[in-house]
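Student: One-letter residues, chain by chain:
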Amino acid sequence: MKFEHFGLGLLKGMTVTFRHIFRHPTVNQYPYQRLNVSRRIRGNELVWDKKRCTGCATCAKACPQGAIEIVTGANPVENRYEVRTYRVDTGYCIQCGLCVESCPYDAIFMGYAYERAKYRRRDLVQENDTLLESKERPKSGYFHPEVAAGLPAQTLLVEKIVERKD
Amino acid sequence: MTTREITLKTEPFVLNVGPLHPSTHGVYRMRTTLDGEVVLDIEPVFGYLHRGIEKLMEERTFTGIIPLTDRLDYISPMSNNLAYCLAVEKLCGIKVPERAEYLRVIMAELQRLANHCIAVGSFLNDAGAYFTPFMYTFREREKIVDLFEMVSGQRMTYNYMRIGGVSQDIPEEFLPALAKLLDQLERFVDEYDFLLKENEILIARAKGVGILPKEVAINCGISGPVARASGIRRDLRRDDPYSIYDRFEFDIPVGENGDSYDRYRVRVAEMRQSLRIIRQAMKDIPAGPVKAEVPQVVRPPAGEVYAHIEAPKGELGFYIVSDGSIAPYRCHVRPTSLINLTALRQMVRGWKVADLIVIFGSIDITMGEVDR
Amino acid sequence: MPDISPLLTGHLPAATAAYWPGGYWGHWAFYTTALITFALLMVMGAIYIERRLLGRMQSRLGPNRTGPFGLLQPVADALKVLIKEDIIPQPADRLVHWLAPVVAFVPVVMIFAVVPFQKGALLADLNIGILYVVAVSSLTTVGIFMAGWGSSNKYSLLGAMRNVAAVVSYEIPLVLSILGVVLIAGSLSLNEIVLAQDIPFIFLQPMGFLLFFMAACAEINRSPFDLMEADSEIVAGFHTEYSGMKFAMFYLVEYAEAIAMSAIISVLFLGGWRGPLLPPWLWFVIKVFAVFGFMVWTRATFPRVRIDQLMAFAWKFLLPLSLINLFVTAIQVLTIPDAPWLVFIINTAVMILLVIIWSGLFKVGWGRVEV
Amino acid sequence: MTVILKAKDIIARLSEKFPGCLAEAGTDSVLVEAAAIPAVVQYLREGEGLEFDYLNFITAVDYYQYFEVVYHLTSLKHNHAIFLKTRCYDRENPSVPSVVGIFQGADFQEREIYDLFGIKFEGHPDLRRIFLWEGFPGHPLRKDFNQ
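Chains as they are written, first to last, in numbering that gives the first Met the number 0: chain B, 0 to 165; chain U, 0 to 371; chain P, 0 to 370; chain Y, 0 to 146.
Extracted from the complex, chain B is given alone in its bound form (with noise of 0.2 Å):
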């Protein structure tokens, strides 16, 4: 070892340090800030919808995980075949979107909202009509450039840190 700059590549490493002070932090202070998401986020839960499910269980079938449960049956009143439990237990959930792409159907979706963690283990096995969209558990447009198309843009960084140019 020699100092073969005669510490001058010390200096010019602090001048970089010192220039930062100066610059846009990339923090982003989480609770209060937030930043749009992905349009095609794949989020915490799907969203199923119970009109187009025909069950028949493309997506318990391309699950890698198996976390899709469905069981279907013939409905004698109103003489048609109908699926009686769509049943996705989270907690085994990998959030891979296989089962949405495999959809033929249009009828299973990524969850828009992230934050949907839960107290109880339970909680987290959910069937039929706790799936359904609503306003808390809105629908990804991952696989499904209509949904994405309503959604906001999503806030990148390479836009938002304005570099001072030098």
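Source of the hints: derived by calculation from the structure; they are not laboratory data. For clarity, every value in this text was computed on a predicted model and none was experimentally measured. Idealized CB from N, CA, C, for every residue including glycine. No false leads were slipped in.
No more than 25 Å apart at the CA atoms, straight line, and that leaves these computed lysine-lysine pairs for DSS-like: (1) Y:7 / U:89; (2) U:54 / Y:84; (3) Y:84 / Y:7; (4) U:54 / B:60.
Computed far set for chain U versus chain P, every beta-carbon distance over 10 Å: (5) 6; (6) 25; (7) 94; (8) 154; (9) 182; (10) 235; (11) 274.
The hints should help you fit chains U, P and Y onto chain B, whose structure is shown.
Tutor: Positioned in the frame of chain B, the structure of chains U, P and Y alone reads:
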């Protein structure tokens, strides 16, 4: 007056570096035998993150494996996806559409940038620069991850590539954002070089430290930037072109001494080359479909295949044996990080504890890939 | 109750204790209380400045949630560690483990006894002030070594050993670089040294300042010489096994040392409390924080050196240069005692020349041992 | 482009040196008698025009009747590659000679195979389990492994 020789009785002691240690990059553990500060020997201990991914792969459909590959080298899931999809496509003989090929290259190279950001950042952090380089590189990685989030919807486990293409086309705001990102990254790499390239302390800490001779590197099966820093001019993008890498112009940076500093320099140089490739790919990306007509449940013919790519950490390969069913009979991952660790013992012997950390940091491993 | 109005207006009577209300003991009681309060407040300020400045240099914000601009963050930190559980490892040497933070903390506060905050405002105007500072400041090492030994943890022991090695080597260049100042000022008393600085000694002793700053950084284990608690190598060094209030003591020691050294640097080289317009004590505080800010700046930029490089740097770089500096200064004091600007030019030239020459000569080898 | 050498050519080249040890396992993979593995690998590494100096990976596959150990070798100089395979039929106590002496890179991979398949590599200097702890019942990647 006679001088009397006083010899103190000393003995080596064993220090456990890891599995919970600030700079073992996960849960790696080294049983280190020390003589004072000098490392006499290390014995790596693996398995703290062993999830049995290869066994899990045997029980899933070919498409269902893609999310699992995300979790191998979780720093660079795009490359893992790419390697796996290439292997299955080779097995089935699927032709991937042009646009998908270009998207794959862009994603893989962005992934390389993101990975090298972490690699150089945490290497310098291990050398003791108090989080500053780490923060800067993570800021840049964040910009890249933003784009990945835009196309795939996740920030960590992208699960973007599919057998026969990619899952969805890019949104229209992707390419302008990418162009802006490339400009910023170029300036960032320059500034980052200015920050620490000539830093005397870094040179003292890394230059000549942990030399990996070329012969040892070849014999140990080392690949990627670590091998290139030792002077092995091997890059699968050039030597065994996959996807459409033969259409792009880029250089293969090679180190001279094979020390930690060279590994750091090679990574920074590779970042510049990746920027070059992305610019070329961006320029002539064609329109068209992004996924070949592949059935929902892929059922490849019986046989076996090995496909490898130049992942950010080195040669990442998937060896798949299929028996004609919807799940692979056997799927083996060539673990870059595990094999790159083979030479660690030779590299660190005789150096100090502080050097052990620097050398280990310069190899750049991910425990998810080591233990699988 | 002593009259504190002079403290606010900046016109304190001379340090002679006899003039004070309550005589000697009144003076003692007031200054002791004031010093400890001052030291603690400065430490809080230092922690705040370090975290904020480091944050901005690393492109983040730093603490800004507790109080206005996060000013109460050190208070919140202190409250947090106070109520934390105190864990003593089972195989630890309990007495040593318990005593170590105390032994480390006391000498640091003692340094402040001789630091002049403004004209005559100091607890003890020792005529050997600077010698006292050097002697007392190295006592902290004992506490740190006790912590490393008493924790019965290998990481702690490594950190403590590193610290002892570093402090023993860096005492020598530290003292030698002070001697230049002492020669010019003609006194060992810090009060006298400040009074002698019509031109801040940084101009007359540029190399002395550089060497003292580097040696001081190593002495108090600031980056890039923070080997004893190198978090990426030996986890947290000597205080790996400390928690709760004892850890807070070590944290306090670290910053109090840094503040004490900044104070000594500003007294020796930057003119102490002297300065135009503003009241003297404010000048002093500004200078202390400026020096401390520089330490933060280096911490944000530099990687850490290795232990053998640390030693080589002390013995092969700092020691010869400080000897040469002392020699040159001695000649100047003998020959041209009344030409400060000539001294400034000569010393700056000598500094640049020596640093360039020595950078070429200085080698530490690669540090590998055949095993 | 890395050329995968045809098994036919390799066998034609090596058959006189290793008579009876080689067979075709596919168009591009050579089946080698287990006992001959170190010698064949050594020859492949040093033979004129072959120079397979880089061991890409070793893995094993469980086919119920036998275990197949797969070696993938590459020559950095000539940029060609080859798959070697060897089989061991003993399920209770399978063993294959180790190649650690030739390729140090095989070290962890052979330990991994030993751990997950239970195939012993004769001559490996430090054959212990790598991911699972000593005393773990069974070898998980075997097809008949049942938790």
